[in-house]
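4 protein chains.
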Amino acid sequence: MNLRTHKTVTDRRKALERELAVDLKNIGHFSLDETMASSRNCENMIGVAQIPMGIAGPLKIRFQPKEYYVPLATTEGALVASVNRGCKAIAESGGALVHVERVGASRGPVFRVSGLDQGRQVMQWVAAHEKDLYVLASAVSSHISLLSVETQMVGKNVFVRFAFDTSDAMGMNMVTIATTRISQTIEKETGAVLVAAAGNIDSDKKPSWISLYEGRGRKVWAEAVISREVVAGVLKTTPEQIAEVGLRKTLIGSAVAGLLGHNNHAANVIAAVYIATGQDGAHVVEGSLTMTTAEVDEDKNLYVSVYVPAVLVGTVGGGTGLATQAEALRIMGVDGGGKGEHADAFAGIVGAAVLAGEVSLLASLATNTLACAHQVLARGGK
Amino acid sequence: MNLRTHKTVTDRRKALERELAVDLKNIGHFSLDETMASSRNCENMIGVAQIPMGIAGPLKIRFQPKEYYVPLATTEGALVASVNRGCKAIAESGGALVHVERVGASRGPVFRVSGLDQGRQVMQWVAAHEKDLYVLASAVSSHISLLSVETQMVGKNVFVRFAFDTSDAMGMNMVTIATTRISQTIEKETGAVLVAAAGNIDSDKKPSWISLYEGRGRKVWAEAVISREVVAGVLKTTPEQIAEVGLRKTLIGSAVAGLLGHNNHAANVIAAVYIATGQDGAHVVEGSLTMTTAEVDEDKNLYVSVYVPAVLVGTVGGGTGLATQAEALRIMGVDGGGKGEHADAFAGIVGAAVLAGEVSLLASLATNTLACAHQVLARGGK
Amino acid sequence: MNLRTHKTVTDRRKALERELAVDLKNIGHFSLDETMASSRNCENMIGVAQIPMGIAGPLKIRFQPKEYYVPLATTEGALVASVNRGCKAIAESGGALVHVERVGASRGPVFRVSGLDQGRQVMQWVAAHEKDLYVLASAVSSHISLLSVETQMVGKNVFVRFAFDTSDAMGMNMVTIATTRISQTIEKETGAVLVAAAGNIDSDKKPSWISLYEGRGRKVWAEAVISREVVAGVLKTTPEQIAEVGLRKTLIGSAVAGLLGHNNHAANVIAAVYIATGQDGAHVVEGSLTMTTAEVDEDKNLYVSVYVPAVLVGTVGGGTGLATQAEALRIMGVDGGGKGEHADAFAGIVGAAVLAGEVSLLASLATNTLACAHQVLARGGK
Amino acid sequence: MNLRTHKTVTDRRKALERELAVDLKNIGHFSLDETMASSRNCENMIGVAQIPMGIAGPLKIRFQPKEYYVPLATTEGALVASVNRGCKAIAESGGALVHVERVGASRGPVFRVSGLDQGRQVMQWVAAHEKDLYVLASAVSSHISLLSVETQMVGKNVFVRFAFDTSDAMGMNMVTIATTRISQTIEKETGAVLVAAAGNIDSDKKPSWISLYEGRGRKVWAEAVISREVVAGVLKTTPEQIAEVGLRKTLIGSAVAGLLGHNNHAANVIAAVYIATGQDGAHVVEGSLTMTTAEVDEDKNLYVSVYVPAVLVGTVGGGTGLATQAEALRIMGVDGGGKGEHADAFAGIVGAAVLAGEVSLLASLATNTLACAHQVLARGGK
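Same order as they appear, the protein sequences are chains W, V, F and Y. For the first sequence, the residue numbers in the numbering used here are 6 to 387. For the second sequence, the residue numbers in the numbering used here are 6 to 387. For the third sequence, the residue numbers in the numbering used here are 6 to 387. For the fourth sequence, the residue numbers in the numbering used here are 6 to 387.
Okay, chain W solo, but in the shape it has when bound (with noise of 0.2 Å):
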């Protein structure tokens, strides 16, 4: 079958089942808009993949006026559950604190030098013409704006890693446009090679300690104290033993295995915000970076905190436009754009939703119920 000679979805979709002799019809149902789904987001579309979608919340953030509902697109049974009633725990307790920092979506090419002379020399340009380079950026996009420059050097190899703030759009396009036009003038100005302008120093969609040391697009903090009562009576457990499971597995377990990211299960929670929101469903590995701690307070009561070094989200372009994310956004009002506010409000919520997650998972682990959780709710012979 020859994919190219059909030009609409439905054409697509007959081609492959005629050939395959499947009936693909609920692939064919949908309602979002197939010609800026086909042309922007998907090629060779033949239809959706239609993901559950469920609900979390209220969650509580501290000086929001308002409490979120948290859409969650996952097709793995007790999830939806647990980060519900994390969220409950974190209401009950007055809710999450939370910080976000733009630090940037970085791209880093690498470029082929004759050796160390020359290495230094392009380190050393690019140190001096930081302005220069910021306005070639902002040629690109008045979305888009760089943060930092840093430079390092292997043998011929040196790369460069630029982090640019995109405003309210995830924006790695944008960034590998302004990251590519950078580095011809790079090469022009210094002679080094542009060898790719990926180089994986910034590293996209990978799991590094750059990103979980620098972090990538916003770094997210949320914590909550979870007063001894709402552990006993949401939690059914004690923060003794959720810092205790804080303490063997999270933290010694997770340098035992050499985990990047010590935390639980940050990546649940993450994938299925994203996936309800036109996010890219492969920013999830950098998601899964994130750093919990959790410790019993002077008070007796809970603390519990997220670090989640590389939250890549937007609020336009993307996926975002298309119908369903669209609304999963607007169900939260992050939807839409502006200098980055949507963004980083967004970004909070997916820092305190992990957050809820986290709690949830600590506290079944601590009563170990997270077989029951899974025997209960997936009893569909998983």
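Some hints could be false.
Label pairs and their calculated CB-CB ranges [said to hold, decoys possible]:
no.	chain 1	residue 1	chain 2	residue 2	range
1	W	D304	Y	M6	46 to 52 Å
2	Y	W130	V	A144	55 to 61 Å
3	V	K344	F	Y139	31 to 37 Å
4	Y	G338	F	E346	25 to 31 Å
5	F	K30	W	T190	24 to 30 Å
6	Y	Q129	F	K30	56 to 62 Å
7	V	A144	F	F68	55 to 61 Å
8	Y	R67	W	A132	21 to 27 Å
9	F	V198	V	E97	26 to 32 Å
10	W	Q129	V	D28	55 to 61 Å
11	F	E24	W	K136	18 to 24 Å
Taking lysine-lysine pairs in the DSS-like style, the calculated list, with each CA pair at most 30 Å apart, reads [stated by the list, open to error]:
no.	chain 1	residue 1	chain 2	residue 2
12	V	K136	F	K136
13	F	K30	Y	K12
14	V	K71	W	K19
15	V	K30	W	K344
16	W	K30	V	K19
17	W	K12	V	K241
18	V	K305	W	K30
19	Y	K241	F	K193
20	W	K71	V	K193
21	Y	K30	F	K71
22	W	K241	V	K193
23	F	K30	F	K12
24	F	K305	W	K305
25	V	K193	W	K12
26	F	K30	Y	K19
27	W	K241	V	K12
28	Y	K241	V	K305
29	W	K30	V	K30
30	W	K241	F	K305
31	V	K136	W	K30
32	V	K71	W	K12
33	Y	K30	F	K12
34	F	K30	Y	K305
35	F	K12	Y	K305
36	V	K193	F	K305
37	F	K241	W	K305
38	Y	K193	W	K305
39	Y	K305	V	K241
40	V	K12	W	K71
Just so you know, these hints were derived from the structure itself, not from any lab. Using N, Cα and C, we set each Cβ at its ideal position, and we do this for glycine too.
Position chains V, F and Y against the provided structure of chain W, taking the given hints into account.
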């Protein structure tokens, strides 16, 4: 809004629409079986996310009688086209060779012991009773069997890492149930205290060196030899240029950035396949541990390979029974369950698709057309 | 100066003195057997470095009839005093409990194969011929035996990781010889091409997850329960304060920094013991993979432990036969060779000494006297 | 035996000899100034370890008027010969090119804060008061100045990573004093509680990604282009074969093993130089973070390079004033102190020596003579 008071998907969605004054009609537009989905896959369900699904292929795998079309659910413009181009290059070169090994889905509880003496006793007890633990696991389901057991001790913490064959299911629920039962036996027999049935040594949905090295679920290798002519004709570059990107970006760049898994964008392909087929989106994290190599062989052709150490997929259970997901599996002919051969075949396709994605991105980088591809295809202002 | 023309240590040193117009009389002041040293341990020898050697102890290990004095060769003021204080705290609490496990010194060749098919054949051949390889290894020396074999494949690269029991020798030379012979057999039998007899999978003298997880040489665990009273009297702090340093610095700080091995200064103690006793100074790297835990136990005492995954020591061979090094081994009564018990005992002392060092540094940090200790003891203006 | 009752080295050694019935006459044979050594470098001193010192060289560094002889204190047969061969290959190719950058010795306290709000205030206070902290640091000594400050927050933990230029001293003592003073100011100004003046974010004497990426002390790069003829004549192999070892072992093997620092045996050379010259043996750990590259250049010659990210050396203070150590520094002409140029020069030599060691080992592996070298040179039965 009290989410619990609403018993049907429609009720719940309508209540949310009223509460938030939003219109969620697209989320409410779906054809899947809401009774099944809302009880097994997604609590508090309000509808679905529609994720555009495209097709890449035909993907040729050597020694397979037929070619595959790979369903990819994504909102990232250019991804399907990129995988498609990789498939073409591979097909014109005789196809990908694939190897699949079942290493088993791991679960690793952490126990608290009184100290090194008791810890050592626990480790010795486990080593001496592997057969008993095998029997315990098999009693959970005829679809599960214990493959291997490892122990580690750090201070008062004893970690036991079990890996289970789960036939054609991804199987983490069965695995958790089996692990919980085994853990209770260990508690009873040794006096160790179970702190968490999942002690991060597993390390489910988290990026870890242990998963990169030992694998989880299925280890998959895929390779192809792409002739100079095909590299020139389809990929518009040379084996030498691709090998250089493979060296400077994939190997050296990854090392400098502190990556686990030296690849280019394995997570992209895995995310799209997993979302299309009802797999767990959070398992994309482990797919990102892929190692990619690219070199010029003796005949001056391009040799490329991927080692995907942790493919966690099922063809039954989880989200695979949902309408569009089941159809997506049928497109590849890997739907349904047996003794694991369906999931073996599916894992092989995942590996080959990752290879196709890697080949194509390496070529885009080598020709510096990464930005162009996105500029043209995703011109929606992302 | 042509170094080769000088046949004796004195000639060579004098030639260097003339060439550079320097006086090297202290380097020329030594009592070791220069014929042995210059032929076995150090080419182009001109004399010795005199490294101050101090004594810490007595170090009490539970179930051992006698106490140990630990020789430490170091130029870092405060180190011996610090270990000494740790020894005192441990001794007053009944001594350290120690476990030693021989996991074997690893060596891991890398072979080039034509692709996945040949690679898999190599892995299968190795798995099927473990006994033959065992025989090959044993033929090298009666002091060596093959303990375990693992294989890995990435593209055209097959890695085989052998681990050998080397009795009372550190044994990397025997190990390399045995690995080379085995590798030649693998080449002959499978057609794979040996690229390097040491393929970094070993990973000798380098910090790696695999060595942290699987160990090298000997794995050593040591623990002590230090009563509140001793913590107060000897360490001038409380179990709670030490546990807090263990949590916030040793566990969380290490995770944030991307450490392999979550400890405090294990390398300090291991370097000093290794230099004193003729071990290989580069093996300090692997000692630094230590995991340290500190917690308050149920009786409000301090529980501290170390897991030192890679202790590579010998009591025969290498530098152990040199005059001062042999005396240092005799101070601990672990000199001489047998079937490995000498090195087992020595490894246990290393573990307990690391524990003593960790306890003392944790206390210095808890009381914020780290700077004071160095200010007083190393007031030489460093 | 109460070690404190003995006031002189001789008394203490004799008491130990009596207590243990051993003869320690070689340990008692030394020429260094025992008053200085026992007060500044080594408590409870009983004598010295005599470590054989050999010479490698001449080592040619480009743009340097003279060639260097490098003192190596080691007991590992074949090491000096190996470095020597590397020096020869480099010298015959015109010498090594070296770059040295002072990034500063880091120290990173961890503070406990009440939560994210106070944590952010601490980070903001630090950022706003860098100049004040600079003044505080400079008040400790004229030899120290603050170069950079970074902050990180995870839950209730705030980490601050300071890096200091320490002129010609390794300087960790000055650094610790300065950090302690700064930390006390931070406590007073922000209310944060200092938990440990060294919070592992530094990460002194431990292998970490942050030190690989940001460096510690001095970053050193060294490279050489070794002609085919010299590779054939001196190294007995070809550039292609060395590059293949560099690819399959140094890059891919390291990635599979989970190494921090993709090199071959950097720790060997660094250990030998550090022990010879009075550096801290535990800093060998950080030297092992070296990245080595080897490739065939356009003229079919061999290009080799090392990036040694953490060279912590001094030419004054610490063990550098001891008799044999001072002589070793004089052999290279880098003894004595100033504004850091002595240690800069020394660090450059360390980098070039590491390069020599890497070149030689790569060749031994390429020709499969690793075992032979050790068999012949260390035939003492190790």
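**Asked** Which numbered hints turn out to be false for this structure?
**Response** Violated hints: 4, 5, 7, 11, 18, 20, 25, 31, 34 and 35; rest satisfied.
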